[in-house]
Amino acid sequence: MWRQVLARLGASLVVAWGSITVAFLALHALPGQVEDILAGDLDYPGLREAIAAEWGLDRGIGEQYVAFVTRIASGDFGMSYELRQPVTDVVASQLLPTVYLAATAGILAFSIAVVLATLTSGRGRVARRIASIVELTFASTPVFWIGILLLMVFSFNLRWFPVSGAEGWRSLVLPAITLALPTAGLLTQVLRDAIEKTLDQPFVTTLRARGLSERQIRVQHVLRHAALPMMTLGGWIIGGLLGGAVITEKVFGRPGLGTTTLNAVLSHDVPVVLAVVLLAAFIYVAASTILDVLYVIIDPRLKAQ
Amino acid sequence: MTQTFDTTPGTRAEQEVAPARAMRTVRRRIPAGVVASGAFIALLLVAVAAPGLFTNYDPLAGDFLSILKAPDAAHPFGTDRLGRDVFARTVYGARYSLFIGIGATLISVVFGVLLGILAGQKSRLLDETNSRLFDIVSSFPTVLLAMLVVTFLGQGMFNIAVAVGLSGIPKFGRVVRAQTQLVRNADYVTHAHIYGRGHIEIFFRHLLPNVLVAVPVTATVFIGSAILAVSGLSFLGLGPQPPTPEWGVMLAESRDTLRVAWWPGVFPGVAITLTVIAFTVFGNYLQDVFEGRDNS
Numbered sequence: 001m002w003r004q005v006l007a008r009l010g011a012s013l014v015v016a017w018g019s020i021t022v023a024f025l026a027l028h029a030l031p032g033q034v035e036d037i038l039a040g041d042l043d044y045p046g047l048r049e050a051i052a053a054e055w056g057l058d059r060g061i062g063e064q065y066v067a068f069v070t071r072i073a074s075g076d077f078g079m080s081y082e083l084r085q086p087v088t089d090v091v092a093s094q095l096l097p098t099v100y101l102a103a104t105a106g107i108l109a110f111s112i113a114v115v116l117a118t119l120t121s122g123r124g125r126v127a128r129r130i131a132s133i134v135e136l137t138f139a140s141t142p143v144f145w146i147g148i149l150l151l152m153v154f155s156f157n158l159r160w161f162p163v164s165g166a167e168g169w170r171s172l173v174l175p176a177i178t179l180a181l182p183t184a185g186l187l188t189q190v191l192r193d194a195i196e197k198t199l200d201q202p203f204v205t206t207l208r209a210r211g212l213s214e215r216q217i218r219v220q221h222v223l224r225h226a227a228l229p230m231m232t233l234g235g236w237i238i239g240g241l242l243g244g245a246v247i248t249e250k251v252f253g254r255p256g257l258g259t260t261t262l263n264a265v266l267s268h269d270v271p272v273v274l275a276v277v278l279l280a281a282f283i284y285v286a287a288s289t290i291l292d293v294l295y296v297i298i299d300p301r302l303k304a305q
Numbered sequence: 001m002t003q004t005f006d007t008t009p010g011t012r013a014e015q016e017v018a019p020a021r022a023m024r025t026v027r028r029r030i031p032a033g034v035v036a037s038g039a040f041i042a043l044l045l046v047a048v049a050a051p052g053l054f055t056n057y058d059p060l061a062g063d064f065l066s067i068l069k070a071p072d073a074a075h076p077f078g079t080d081r082l083g084r085d086v087f088a089r090t091v092y093g094a095r096y097s098l099f100i101g102i103g104a105t106l107i108s109v110v111f112g113v114l115l116g117i118l119a120g121q122k123s124r125l126l127d128e129t130n131s132r133l134f135d136i137v138s139s140f141p142t143v144l145l146a147m148l149v150v151t152f153l154g155q156g157m158f159n160i161a162v163a164v165g166l167s168g169i170p171k172f173g174r175v176v177r178a179q180t181q182l183v184r185n186a187d188y189v190t191h192a193h194i195y196g197r198g199h200i201e202i203f204f205r206h207l208l209p210n211v212l213v214a215v216p217v218t219a220t221v222f223i224g225s226a227i228l229a230v231s232g233l234s235f236l237g238l239g240p241q242p243p244t245p246e247w248g249v250m251l252a253e254s255r256d257t258l259r260v261a262w263w264p265g266v267f268p269g270v271a272i273t274l275t276v277i278a279f280t281v282f283g284n285y286l287q288d289v290f291e292g293r294d295n296s
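Protein sequences, first through last, are from chains V and U. Sequential numbering from 1 applies to the first sequence in the UniProt record's numbering. Sequential numbering from 1 applies to the second sequence in the UniProt record's numbering.
The set of hints was computed from the structure by calculation and includes no laboratory data. None of the values given here were measured: they were computed from a predicted structure. For glycine and all other residues, C-beta sits at the position ideal for the given N, C-alpha and C. Do not take every clue at face value.
Said to hold, decoys possible - Distance windows between CB atoms, simulated:
no.: 1; chain 1: U; residue 1: V35; chain 2: V; residue 2: L25; range: 40 to 50 Å
no.: 2; chain 1: U; residue 1: V35; chain 2: V; residue 2: S111; range: 28 to 38 Å
no.: 3; chain 1: U; residue 1: G196; chain 2: V; residue 2: G10; range: 38 to 48 Å
no.: 4; chain 1: U; residue 1: V110; chain 2: V; residue 2: W2; range: 16 to 26 Å
no.: 5; chain 1: U; residue 1: D256; chain 2: V; residue 2: L212; range: 51 to 61 Å
no.: 6; chain 1: V; residue 1: S111; chain 2: U; residue 2: S66; range: 56 to 66 Å
As the list claims (entries may be wrong) - Anything over 12 Å on all C-beta distances counts as not near chain U; from chain V, calculated:
no.: 7; residue: M1
no.: 8; residue: E63
no.: 9; residue: S74
no.: 10; residue: R129
no.: 11; residue: F138
no.: 12; residue: I146
no.: 13; residue: L199
no.: 14; residue: L207
no.: 15; residue: E214
no.: 16; residue: A227
no.: 17; residue: T261
no.: 18; residue: D269
no.: 19; residue: I283
no.: 20; residue: S288
no.: 21; residue: D299
no.: 22; residue: P300
What the hints assert, rightly or not - On the chain V side, residues computed to face chain U include the following (Cβ under 10 Å):
no.: 23; residue: A26
no.: 24; residue: I130
no.: 25; residue: I133
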């Protein structure tokens with residue numbers, strides 16, 4: 001078991017290192033000087049020299065590469081010349097609202113999936129049909145359109161929630177639902193399939209023979225069994241939520257990492273975008289590694305191998 | 001975006017018998033949802049080829065005498081804040097969404113197939129390198145990877161197609177890798193080797209065609225998620241710019257007038273969702289048919 005865990009950790013380190021290398025290669029392979037790429041739309045005397053000095057661009061490419069990997073790995077993403085702040089400060093100051101939104105949406109999506117999948121799996125054909133159509137629809141609907149529809153109904157017409165901003169829990173309700181629904185659609189699909197497969201397992205027949213109620217079987221036994229494979233989706237879900245958060249923040253005019261990144265993209269502020277994208281990739285890798293390792297540890301069948 | 005749901009085929013060894021089985025499935029019964037999806041895709045293709053068949057309005061021409069008119073007989077989807085016909089804009093929008101979505105898919109297919117075939121070769125090094133490359137690319141969330149690409153390359157339709165296409169490479173790469181390994185070890189390839197056929201001949205006559213059969217099905221499902229991703233990037237203003245009648249752009253523009261008019265914010269969204277559903281349903285059906293899975 002520990003060999004598997006170690007191999008998984010090793011592979012993740014390779015992926016993390018690879019993503020930094022890809023970033024480095026992109027900076028150097030693109031047409032134009034690295035100074036110009038990092039400066040973006042800005043131009044003032046001394047800027048290019050400052051960038052060259054900061055990243056040691058006069059040194060050999062191998063030396064630059066080692067310095068780049070070391071810096072990024074230690075969490076130093078350099079300066080945003082556009083915002084005139086260290087990128088780390090920019091990201092740190094904007095991280096919280098986005099994490100708050102993504103975490104709320106993630107919990108919401110997970111809860112919706114558990115409730116819907118437990119209620120609808122293995123029922124009559126009609127119920128399953130309806131459930132799968134609903135899931136497909138939500139999984140196929142763009143995040144931002146859900147946001148627009150919710151705004152239309154609950155903010156503009158019913159006036160229950162504010163149209164934009166990030167003050168108080170009321171401003172979090174619609175963005176969290178918006179971000180949660182497409183994820184919930186996919187999660188429900190996956191979980192329902194898993195539950196239906198589990199319901200066919202011999203141990204469920206044994207439980208029925210022992211006279212457990214349908215509710216007990218589903219909630220106490222089948223759900224736990226079926227939810228385990230969902231763990232491997234964790235990293236992917238977190239990545240999707242981070243990406244979706246960018247769009248959701250735009251729809252609802254919320255401050256956060258997404259809004260900051262979007263502004264950075266539009267003003268060609270490469271250091272900020274690079275930092276956010278690499279950070280998201282690291283979070284993805286870390287989350288999926290932790291979940292995979294946990295999966296190996298929790299699932300007794302894998303332990304035996 | 002959905003690489004995690006790869007149904008990496010376990011039944012592809014039976015590839016040679018799949019067409020016969022496919023015919024049987026087709027004759028049995030095609031689900032109503034699949035028929036509707038196929039019809040909708042056909043309708044989209046007509047809208048791409050000849051949007052003039054559906055509407056006489058110019059999608060770019062504003063009419064300042066009929067601004068934000070609610071849907072009626074003359075304007076079935078109403079008019080937007082510049083008096084442009086929303087129905088005409090939605091119809092013409094099919095072009096952009098399909099072109100960018102299919103363009104992105106082509107990029108994913110070409111690079112995914114190349115790298116996937118390389119990864120499926122005997123060499124352990126090639127396999128590890130390419131497979132880790134797929135892991136690296138898929139560790140970036142699609143939207144953020146696309147934002148990085150746009151920062152480097154600039155806004156525009158072609159660039160967001162590149163961005164979404166890039167993030168789709170691992171999906172095809174992994175499918176093609178698995179398929180290559182299967183075919184490489186299949187009896188008919190071994191026999192061809194024994195008969196003394198050259199490597200190049202075997203590659204083009206036996207390997208490539210049997211590897212490529214896996215692609216169209218995966219691509220059909222992928223077009224749906226590509227269109228979804230593209231609409232999001234357009235909404236963020238990273239793709240085509242106003243006044244282009246692209247669905248994501250139209251929805252972004254509609255946000256300013258939501259307080260007084262719902263129709264510009266509804267119909268393009270319905271179009272995106274139906275398109276994505278149609279490609280997903282149709283693609284999944286093809287997958288069931290060609291993999292000979294029994295779903296009844």
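Consistency of the hints with the structure:
Remark: the range hint 40 to 50 Å for U/V35 to V/L25 is upheld by a beta-carbon distance near 47 Å. The hinted range of 28 to 38 Å is satisfied by U/V35 and V/S111, whose Cβ atoms lie roughly 36 Å apart. For U/G196 and V/G10, the hinted distance range of 38 to 48 Å is satisfied, since their beta carbons lie about 42 Å from each other. Here the CB-CB span from U/V110 to V/W2 is close to 41 Å, at odds with the stated 16 to 26 Å.
A beta carbon spacing of about 57 Å between U/D256 and V/L212 agrees with the range 51 to 61 Å that was offered as a hint. At about 46 Å, the CB distance of V/S111 to U/S66 disagrees with the hint of 56 to 66 Å. With a least CB separation of 22 Å from chain U, V/M1 remains clear of the 12 Å interface cut-off, as annotated. For V/E63, the non-interface assignment is confirmed: its Cβ lies about 23 Å from the closest Cβ of chain U, beyond the 12 Å cut-off.
Under the 12 Å C-beta cut-off, the non-interface status given to V/S74 relative to chain U holds; the minimum distance is some 20 Å. Remark: the non-interface label on V/R129 conflicts with the geometry, its nearest Cβ contact in chain U lying 10 Å away (cut-off 12 Å). The non-interface label for V/F138 is inconsistent with chain U: the shortest C-beta to C-beta separation is roughly 9 Å, within 12 Å. Under the 12 Å C-beta cut-off, the non-interface status given to V/I146 relative to chain U is violated; the minimum distance is some 9 Å.
No Cβ of chain U comes within 12 Å of the Cβ of V/L199; the nearest lies about 18 Å off, and the non-interface call holds. Against the 12 Å criterion, V/L207 stays outside the reach of chain U, whose nearest CB is about 28 Å from its own CB. The claim that V/E214 is not at the interface with chain U holds, since no C-beta of that chain comes within 12 Å of its own (minimum 26 Å). Non-interface call for V/A227 relative to chain U: holds, since the shortest CB-CB distance, roughly 16 Å, exceeds 12 Å.
The claim that V/T261 is not at the interface with chain U is violated, since a C-beta of that chain comes within 12 Å of its own (minimum 6 Å). Consistency note on V/D269: stated as away from chain U, yet its beta-carbon is not over 12 Å from all of that chain's, at 8 Å minimum. The claim that V/I283 lies off the interface is violated: its Cβ sits roughly 9 Å from the closest Cβ of chain U, which falls inside the 12 Å cut-off. With a cut of 12 Å on Cβ distances, V/S288 falls inside the contact zone with chain U, its closest approach being about 8 Å.
At the 12 Å boundary, the C-beta of V/D299 stays outside the reach of chain U, the nearest C-beta of that chain being 18 Å off. For V/P300, the requirement that its beta carbon stay farther than 12 Å from each beta carbon of chain U is met, with the minimum near 24 Å. Given the 10 Å rule on beta carbons, the hint for V/A26 holds: about 6 Å separates it from the nearest Cβ of chain U. Below 10 Å, beta-carbon pairs count as interface contacts, and V/I130 has none with chain U, the closest being about 13 Å; its hint is therefore violated.
Against a cut-off of 10 Å between C-beta atoms, the interface hint on V/I133 holds, since the closest Cβ of chain U lies about 8 Å away.
Violated hints for the displayed structure, listed by number in ascending order: 4, 6, 10, 11, 12, 17, 18, 19, 20, 24.
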